[in-house]
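Protein chains in written order, with the working numbering: chain L, 56 to 486; chain V, 56 to 486.
Just to be clear, a hint being listed does not mean it is correct.
[To be verified] When the alpha-carbon atoms are kept at most 20 Å apart in a straight line, the in silico EDC-like pairs for lysine to aspartate or glutamate are as follows:
| id | chain 1 | residue 1 | chain 2 | residue 2 |
| --- | --- | --- | --- | --- |
| 1 | V | 445 | L | 149 |
| 2 | L | 424 | V | 155 |
| 3 | L | 132 | L | 98 |
| 4 | V | 58 | L | 289 |
| 5 | L | 445 | V | 156 |
| 6 | V | 337 | V | 353 |
| 7 | L | 445 | V | 149 |
| 8 | L | 305 | V | 320 |
| 9 | L | 63 | V | 202 |
| 10 | V | 305 | V | 289 |
| 11 | V | 445 | L | 156 |
| 12 | L | 334 | L | 359 |
| 13 | L | 337 | L | 322 |
| 14 | L | 268 | V | 231 |
| 15 | V | 266 | L | 232 |
| 16 | L | 334 | L | 287 |
| 17 | V | 305 | L | 198 |
| 18 | L | 268 | V | 232 |
| 19 | V | 337 | V | 289 |
| 20 | L | 105 | L | 163 |
| 21 | L | 62 | V | 202 |
| 22 | V | 334 | V | 353 |
| 23 | V | 105 | V | 71 |
| 24 | V | 445 | V | 421 |
| 25 | V | 58 | L | 202 |
| 26 | L | 117 | L | 142 |
| 27 | L | 57 | V | 71 |
Worth flagging that the hints you see were computed from the coordinates, not collected in a lab.
Residue-level listing of the chains:
There are 2 protein chains.
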Amino acid sequence: MKKVLIKKIGDHIGEEVLIRGWVRNVRSSGKLQFIILRDGTAEIQAVAFKPELSEEVFAKAKSLTMESSVRIQGIPKEHPRRKGVYELAVTDIDIVQIADEYPIAKKEHGTDFLLSNRHLWIRSSKQWALMKVRHTVYYAVCEYLNDNGFFRFDSPILTPNPCEGTTTLFEVPYFDEGTAYLSQSGQLYLENGIMSLGRVYDFGPVFRAEKSKSRKHLTEFWMMDAEAAFVEHEENMQIQQELIRFVIRKVMASNGAELQILARDVETLKKADAPFAVKTHKQAVDYLKEKGVDIGYDDDFGAEEESLLTQESEVPLFIEKWPTDIKAFYMKRCPEDDNYVLGSDLLAPQGYGELIGGSQREDDYETLKQRMIDEKMSLDDYGWYLDLRKYGSVPHSGFGIGLERLIGWISGVRHIRETIPFPRMIYRIYP
Amino acid sequence: MKKVLIKKIGDHIGEEVLIRGWVRNVRSSGKLQFIILRDGTAEIQAVAFKPELSEEVFAKAKSLTMESSVRIQGIPKEHPRRKGVYELAVTDIDIVQIADEYPIAKKEHGTDFLLSNRHLWIRSSKQWALMKVRHTVYYAVCEYLNDNGFFRFDSPILTPNPCEGTTTLFEVPYFDEGTAYLSQSGQLYLENGIMSLGRVYDFGPVFRAEKSKSRKHLTEFWMMDAEAAFVEHEENMQIQQELIRFVIRKVMASNGAELQILARDVETLKKADAPFAVKTHKQAVDYLKEKGVDIGYDDDFGAEEESLLTQESEVPLFIEKWPTDIKAFYMKRCPEDDNYVLGSDLLAPQGYGELIGGSQREDDYETLKQRMIDEKMSLDDYGWYLDLRKYGSVPHSGFGIGLERLIGWISGVRHIRETIPFPRMIYRIYP
Numbered sequence: 056m057k058k059v060l061i062k063k064i065g066d067h068i069g070e071e072v073l074i075r076g077w078v079r080n081v082r083s084s085g086k087l088q089f090i091i092l093r094d095g096t097a098e099i100q101a102v103a104f105k106p107e108l109s110e111e112v113f114a115k116a117k118s119l120t121m122e123s124s125v126r127i128q129g130i131p132k133e134h135p136r137r138k139g140v141y142e143l144a145v146t147d148i149d150i151v152q153i154a155d156e157y158p159i160a161k162k163e164h165g166t167d168f169l170l171s172n173r174h175l176w177i178r179s180s181k182q183w184a185l186m187k188v189r190h191t192v193y194y195a196v197c198e199y200l201n202d203n204g205f206f207r208f209d210s211p212i213l214t215p216n217p218c219e220g221t222t223t224l225f226e227v228p229y230f231d232e233g234t235a236y237l238s239q240s241g242q243l244y245l246e247n248g249i250m251s252l253g254r255v256y257d258f259g260p261v262f263r264a265e266k267s268k269s270r271k272h273l274t275e276f277w278m279m280d281a282e283a284a285f286v287e288h289e290e291n292m293q294i295q296q297e298l299i300r301f302v303i304r305k306v307m308a309s310n311g312a313e314l315q316i317l318a319r320d321v322e323t324l325k326k327a328d329a330p331f332a333v334k335t336h337k338q339a340v341d342y343l344k345e346k347g348v349d350i351g352y353d354d355d356f357g358a359e360e361e362s363l364l365t366q367e368s369e370v371p372l373f374i375e376k377w378p379t380d381i382k383a384f385y386m387k388r389c390p391e392d393d394n395y396v397l398g399s400d401l402l403a404p405q406g407y408g409e410l411i412g413g414s415q416r417e418d419d420y421e422t423l424k425q426r427m428i429d430e431k432m433s434l435d436d437y438g439w440y441l442d443l444r445k446y447g448s449v450p451h452s453g454f455g456i457g458l459e460r461l462i463g464w465i466s467g468v469r470h471i472r473e474t475i476p477f478p479r480m481i482y483r484i485y486p
Numbered sequence: 056m057k058k059v060l061i062k063k064i065g066d067h068i069g070e071e072v073l074i075r076g077w078v079r080n081v082r083s084s085g086k087l088q089f090i091i092l093r094d095g096t097a098e099i100q101a102v103a104f105k106p107e108l109s110e111e112v113f114a115k116a117k118s119l120t121m122e123s124s125v126r127i128q129g130i131p132k133e134h135p136r137r138k139g140v141y142e143l144a145v146t147d148i149d150i151v152q153i154a155d156e157y158p159i160a161k162k163e164h165g166t167d168f169l170l171s172n173r174h175l176w177i178r179s180s181k182q183w184a185l186m187k188v189r190h191t192v193y194y195a196v197c198e199y200l201n202d203n204g205f206f207r208f209d210s211p212i213l214t215p216n217p218c219e220g221t222t223t224l225f226e227v228p229y230f231d232e233g234t235a236y237l238s239q240s241g242q243l244y245l246e247n248g249i250m251s252l253g254r255v256y257d258f259g260p261v262f263r264a265e266k267s268k269s270r271k272h273l274t275e276f277w278m279m280d281a282e283a284a285f286v287e288h289e290e291n292m293q294i295q296q297e298l299i300r301f302v303i304r305k306v307m308a309s310n311g312a313e314l315q316i317l318a319r320d321v322e323t324l325k326k327a328d329a330p331f332a333v334k335t336h337k338q339a340v341d342y343l344k345e346k347g348v349d350i351g352y353d354d355d356f357g358a359e360e361e362s363l364l365t366q367e368s369e370v371p372l373f374i375e376k377w378p379t380d381i382k383a384f385y386m387k388r389c390p391e392d393d394n395y396v397l398g399s400d401l402l403a404p405q406g407y408g409e410l411i412g413g414s415q416r417e418d419d420y421e422t423l424k425q426r427m428i429d430e431k432m433s434l435d436d437y438g439w440y441l442d443l444r445k446y447g448s449v450p451h452s453g454f455g456i457g458l459e460r461l462i463g464w465i466s467g468v469r470h471i472r473e474t475i476p477f478p479r480m481i482y483r484i485y486p
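Produce the entire structure from the sequences given, and follow the hints as far as they go.
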């Protein structure tokens, strides 16, 4: 018997095939038993019609419970009125396992219950759809980078020094070497990689011991960091824009069914695939002041300011040229005014928050060293990083994308805990 | 001026172009100054010929040191006798930075020195070639899986329970939740993922607090774990074989130049792309006994045994059906004899060691539970994992590939510390 995936069922109309999967749900109606079947690729309604089946097979159909595992034989038919919708006329059933009463039923469950049962919750349509979108987004980012001369360069997780400040570090006792820290970003290592490979990126888990319980924070999340030699601030933003637009198009082309399950407004998403808006930090503060926000020219933006700045924008918004004092030590200062740095944050439309942080990097040895001394960083610990400015320093830029926030925006999901298989938060490490 | 990558230089013969990169080396010969230039994509010899240049430009050419960064203009020519080899006739030079005296010179350096200067060592031809092969291997594995119905399903790094025994765990204090452990393998999470997506994999860093200083051990390495519903032992090995052969072909097609730098014997590699050999554990022990090894039928194999088993094999060798007692609790027992499990290890030819470990998984709730009780595991901690055998359990199998060992074999590099950008070992966490 030919084994067929549900998403390919349309290629086998009228042919007897075997589907292997799980029962999403069952419904009885006299001589008919309806079985919603899923196999990981899609869902289909299988119909067991009593007059056409042996008593034994129909009894099996009646015995199925939610999430039971089965091998079902049948003949696919197209729905008489709905093109592309198929049904399976059951001919035989092999029960693999009748599932115990399933803990996640139709009724509403609290978030804590769902998170504690994440291993089961992940089977629901919405979570399944989010995992499929995640797959597409991951490889769309990789594909864009690979096609544009970037090489994968996996930075280490166990590191001797912090990258993004010392307040959110996870510590790991490391043999006789003392304490290692879980990486917050691979950026410093990537700056090293470009000196060998020209353009590099990593794309793996990073860690922030965030005490925040906000819907935009996880303690473990996936980040893509890219870095390119001989790329300066403007070109850096150009690459980011092209990359994000490429990802939008990929998801729309690959995940139509999933976006529908997620009830994502696709028209809005499509509109974001247009040239992005740009404001300097100063212009953004001016705009916020006009809107009545009490904010200064040296202030960072919170979730509320980000929402205000983007709520009327159809496209993502770059905020560039930030005050030096509120940005990281490695950002290059603006040539026209060293109170500002050549950094940019990319904000998603409609208050979905920051998608990317990037900047041109300081490439002058003395300037960077002074900046590190000012920030009381250990020049010994970061000697290797300073070295890159001694041996063939080049202008270079890079940026980092938080995978879960990008999926959140593209999927229209407000809480990023649903965009990763097993979210880790301050009070959550199980299962 | 048209900016061109060195690997594309052949498309611009006779045209004046701009190359941006670093000086690999310089050599003088009277009126000629030879500059070996690299830009991350390839290398080219640039030739500054005094009579054709201004004094200032020729002086710049003379001033270049190893690893200086430059923008060089010139006209590419094909080598008169060597097809596909190009040279650049220099027309102008813009020095970005004259590098300090480079610490890694021609002379031999000790391993410790090179590892302490990994941020610079990574620029050498061999290390550059290894990183390019790594890129290809990573995406070849992904491409095979994506084309065969697998979805990416990133398993967590911070986990509440160990997966592969408790002796090699890194511990991380985790807020008020007690201790988290760095993941040793995502397998248990992937078994969960197949219940939603059918076939899944992860491909990220895993951690083993290995006290071993062997050339095959890192404390942080990259692993691809794959898992598939309705796949049993034989098909599991079939998938592994196809995947490895796909990777070999991809690297040979994409990295000819790099394999040459690595002095890899490509003919030997090509021969490995043929049906793999299979021995049961018992047959392997018989073979070793014939070779005079003192080994029992319940023993595991060490590096020496693996070498003996594979030194005469042109293709990788599966060792299947291992004694139950020396394999993990989750492996399914052989239906014909429960002293053996349906597990397989794939060994590379010529003593390069284990490439893959895989097995069919125990899918029966009571059997698995008893196995866990026997191993004194906490049923509470692994309740979520047992759950998968209650709600629609299915026969399923999976396997894990250590990325660095696979690269090691394919590249012909014996010590896997060179196959990852920043290796972590018991005495090594810097830079």
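Need the list of violated hint numbers for this structure, in ascending order. 8, 10, 13, 20 and 27
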